[in-house]
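Fit chain C to the known structure of chain Z by using the hints.
Protein sequence lines, in the order shown, are assigned to chains Z and C. All you need for the working numbering is the position in the first sequence, starting with 1, plus 6. All you need for the working numbering is the position in the second sequence, starting with 1, plus 6.
Since the hints were made in silico from the structure, they are not lab data. Check each hint, because a few of them may be wrong.
A pair counts as met if it fits within one copy or between any two copies, since identical chains are not told apart.
For lysine to aspartate or glutamate, the following EDC-like pairs were computed, each having C-alpha atoms within a straight-line distance of at most 20 angstroms [claimed, not checked]:
hint, residue 1, residue 2
1, K232, D218
2, K172, D99
3, K172, D196
4, K232, D99
5, K316, D95
6, K232, E329
7, K209, E113
8, K172, D233
Chain by chain, the residues run as shown.
There are 2 protein chains.
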Amino acid sequence: MRGTILHAPGDVRIEDRPDPAITAPTDAVIRVAASCVCGSDLWPYRGIEPVTEPTPMGHEYVGVVEAVGGDVRRIRPGQFVIGSFFASDNTCDICRAGYQSSCVHREYVGAGGAQAELLRVPLADGTLVATPEAPDEDLIPGLLTASDVLGTGWFGAVAADVRPGKTVAVVGDGAVGLLAVLAAKQLGADRIIAMSRHADRQKLALEYGATDIVTERGDDGVARIKDLTGGLGAHSVVEAVGTQESMLQAIRSTRPGGHVGYVGVAHGVTLPGEELFYSHVHLHGGPAPVRRFLPELIDLVTSRSIDPGKVFDLTLPLDQVAEGYTAMDERRAIKTLLRP
Amino acid sequence: MRGTILHAPGDVRIEDRPDPAITAPTDAVIRVAASCVCGSDLWPYRGIEPVTEPTPMGHEYVGVVEAVGGDVRRIRPGQFVIGSFFASDNTCDICRAGYQSSCVHREYVGAGGAQAELLRVPLADGTLVATPEAPDEDLIPGLLTASDVLGTGWFGAVAADVRPGKTVAVVGDGAVGLLAVLAAKQLGADRIIAMSRHADRQKLALEYGATDIVTERGDDGVARIKDLTGGLGAHSVVEAVGTQESMLQAIRSTRPGGHVGYVGVAHGVTLPGEELFYSHVHLHGGPAPVRRFLPELIDLVTSRSIDPGKVFDLTLPLDQVAEGYTAMDERRAIKTLLRP
Numbered sequence: 007m008r009g010t011i012l013h014a015p016g017d018v019r020i021e022d023r024p025d026p027a028i029t030a031p032t033d034a035v036i037r038v039a040a041s042c043v044c045g046s047d048l049w050p051y052r053g054i055e056p057v058t059e060p061t062p063m064g065h066e067y068v069g070v071v072e073a074v075g076g077d078v079r080r081i082r083p084g085q086f087v088i089g090s091f092f093a094s095d096n097t098c099d100i101c102r103a104g105y106q107s108s109c110v111h112r113e114y115v116g117a118g119g120a121q122a123e124l125l126r127v128p129l130a131d132g133t134l135v136a137t138p139e140a141p142d143e144d145l146i147p148g149l150l151t152a153s154d155v156l157g158t159g160w161f162g163a164v165a166a167d168v169r170p171g172k173t174v175a176v177v178g179d180g181a182v183g184l185l186a187v188l189a190a191k192q193l194g195a196d197r198i199i200a201m202s203r204h205a206d207r208q209k210l211a212l213e214y215g216a217t218d219i220v221t222e223r224g225d226d227g228v229a230r231i232k233d234l235t236g237g238l239g240a241h242s243v244v245e246a247v248g249t250q251e252s253m254l255q256a257i258r259s260t261r262p263g264g265h266v267g268y269v270g271v272a273h274g275v276t277l278p279g280e281e282l283f284y285s286h287v288h289l290h291g292g293p294a295p296v297r298r299f300l301p302e303l304i305d306l307v308t309s310r311s312i313d314p315g316k317v318f319d320l321t322l323p324l325d326q327v328a329e330g331y332t333a334m335d336e337r338r339a340i341k342t343l344l345r346p
Numbered sequence: 007m008r009g010t011i012l013h014a015p016g017d018v019r020i021e022d023r024p025d026p027a028i029t030a031p032t033d034a035v036i037r038v039a040a041s042c043v044c045g046s047d048l049w050p051y052r053g054i055e056p057v058t059e060p061t062p063m064g065h066e067y068v069g070v071v072e073a074v075g076g077d078v079r080r081i082r083p084g085q086f087v088i089g090s091f092f093a094s095d096n097t098c099d100i101c102r103a104g105y106q107s108s109c110v111h112r113e114y115v116g117a118g119g120a121q122a123e124l125l126r127v128p129l130a131d132g133t134l135v136a137t138p139e140a141p142d143e144d145l146i147p148g149l150l151t152a153s154d155v156l157g158t159g160w161f162g163a164v165a166a167d168v169r170p171g172k173t174v175a176v177v178g179d180g181a182v183g184l185l186a187v188l189a190a191k192q193l194g195a196d197r198i199i200a201m202s203r204h205a206d207r208q209k210l211a212l213e214y215g216a217t218d219i220v221t222e223r224g225d226d227g228v229a230r231i232k233d234l235t236g237g238l239g240a241h242s243v244v245e246a247v248g249t250q251e252s253m254l255q256a257i258r259s260t261r262p263g264g265h266v267g268y269v270g271v272a273h274g275v276t277l278p279g280e281e282l283f284y285s286h287v288h289l290h291g292g293p294a295p296v297r298r299f300l301p302e303l304i305d306l307v308t309s310r311s312i313d314p315g316k317v318f319d320l321t322l323p324l325d326q327v328a329e330g331y332t333a334m335d336e337r338r339a340i341k342t343l344l345r346p
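Okay, chain Z solo, but in the shape it has when bound (with noise of 0.2 angstroms):
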């Protein structure tokens, strides 16, 4: 098959690699239908994150069961299936509590690389959702964010306790920040300030829900925010970038006994014990788990109530990959698509 490796940092090509095989029974193959490049995957083809050896790239995905092993039940070829970066049994007490992205026997599905034609799936029945019928071709788009842009900005929302009357800021721009903005609007937010000073993302922020822009960051950021919300502070605030300035940032402008969510995976954060101490503020976030709202995002899309798909501005075919990297290095593109 053909599957993306990242050899060096800028350095990122499409190969003819080994199909995937099924090597535990609770295995399934599925042919991808789609997989996209995620702001995560920025981190190693930058250099922030070392690359010691070539490593296969992707970890979202839809697509088509091909093959299941014999202990998986639920699962069938033939199936549109979705899945989580991670896999899990969804049956431990942390999954039955909806942590499935720390299930004790989790596995990162992205290690086989899903931009690529073909990928393995541990734990298939734990891991994967089948959509009701074979979705319409331009549902593929916003099925494919369910995989990790949106269930990731979901939970942000989600573990900022963004409810009814409340005032959400969401600090970057990226897809999952779009994102965060859909679900923030989906979960009865009253107002919604989406922080970013790129024309082309404030406009999806604005058609996602964001009722105010806010262009500042760092401390001029919170100080609008603070500016907007009567000297207090939003009372959830999603992260969604994972640097030192935009967890602070974060922090600092939610509200005495606020929520933060952060989802954007953390890279030389080191947070200030007293700061965090006396700012009142619940804080949570991680890796989200996608499982846990599968089925309702997956829900939410086929009936067409959202679009997260729009955040996809760059669509590709596989082989194009670098391409598809270069574009989102540069900013040129929110989030490219891949087709196989």
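The following block gives chain C in isolation, referenced to the frame of chain Z:
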């Protein structure tokens, strides 16, 4: 009046000081019936917090109202009252959300020094809660705990989302930790693991409802909590110390999706962002909004449903305040009650 002044680390004295006066029309002045020494008083006493000038000490108090300012409506001279270490208006948005210790008008009541005969309490109507009648003498220690350590332990348990069916661990066996055990029991926890290596404190923890005692600390303590919880960690962990070691012990003892309630005043704590991200815990805490809990806690004490006053294992006349500090510093006493 007589009041306590800290002059330098280890040098705490009782002195003649001017009587406090009503300085704002929302003030009250109370005659202190009982005060005490807090674990947090030991930070400057031990020189871990700098002592830059002679500092009035004490922020926990119960007493009888002597005088009120012209704008005070609810509180009247002669009432027996309990308040928190932070004065709050109890009407702003932050107070109404239950975060009175971050009230937009908050003032530190301890600034005047509660280890004294008289104390000025700002924002009397918002800050003080009167008992229905003058309490029996033997209830005074319990009511005094509501002013801080009981309210703080209670907030720790609430912040850690303690509920029926849950397994709770408490890091720290000072008065706050012990009263977090009591709070967890009241809030219906299934199993309560107290982390303590002192026989007298273990005994009180068991009296207050602890089901297990863990004497190990640090990584060994974490391993022991994991052993006791099927490898997963506790659902809820209360942190009641405030050091780097105890915060990490609390976070690492909590299962993914679980809750850490941290109420130990943070000193030199920096939290590693990546570890926190992947831990999947909820983190909440800070200076306890004691005022939120006062009506309920006063009821529980006056109805003799709980006996939090047992944390006072040393009672001294105010004149012997220095011995009260020394006994706690040397861990000869859990907590010292002072009677003016």
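Against the structure, the hints come out as follows:
1. K232 to D218: For K232 and D218, the Cα distance is within 20 angstroms only inside one copy (13 angstroms; across copies 46 angstroms).
2. K172 to D99: The answer is between: 12 angstroms across copies meets 20 angstroms, while 31 angstroms in one copy does not.
3. K172 to D196: within (5 angstroms within a copy, 34 angstroms between copies)
4. K232 to D99: Only across copies: K232 and D99 sit 14 angstroms apart there, 40 angstroms inside one copy, limit 20 angstroms.
5. K316 to D95: This pair counts as neither: shortest intra-copy Cα distance 31 angstroms, inter-copy 47 angstroms.
6. K232 to E329: Answer is neither; intra-copy 40 angstroms and inter-copy 47 angstroms both fail.
7. K209 to E113: neither (37 angstroms within a copy, 44 angstroms between copies)
8. K172 to D233: within (16 angstroms within a copy, 41 angstroms between copies)
Hint violations for this structure: numbers 5, 6, 7, all remaining hints satisfied.
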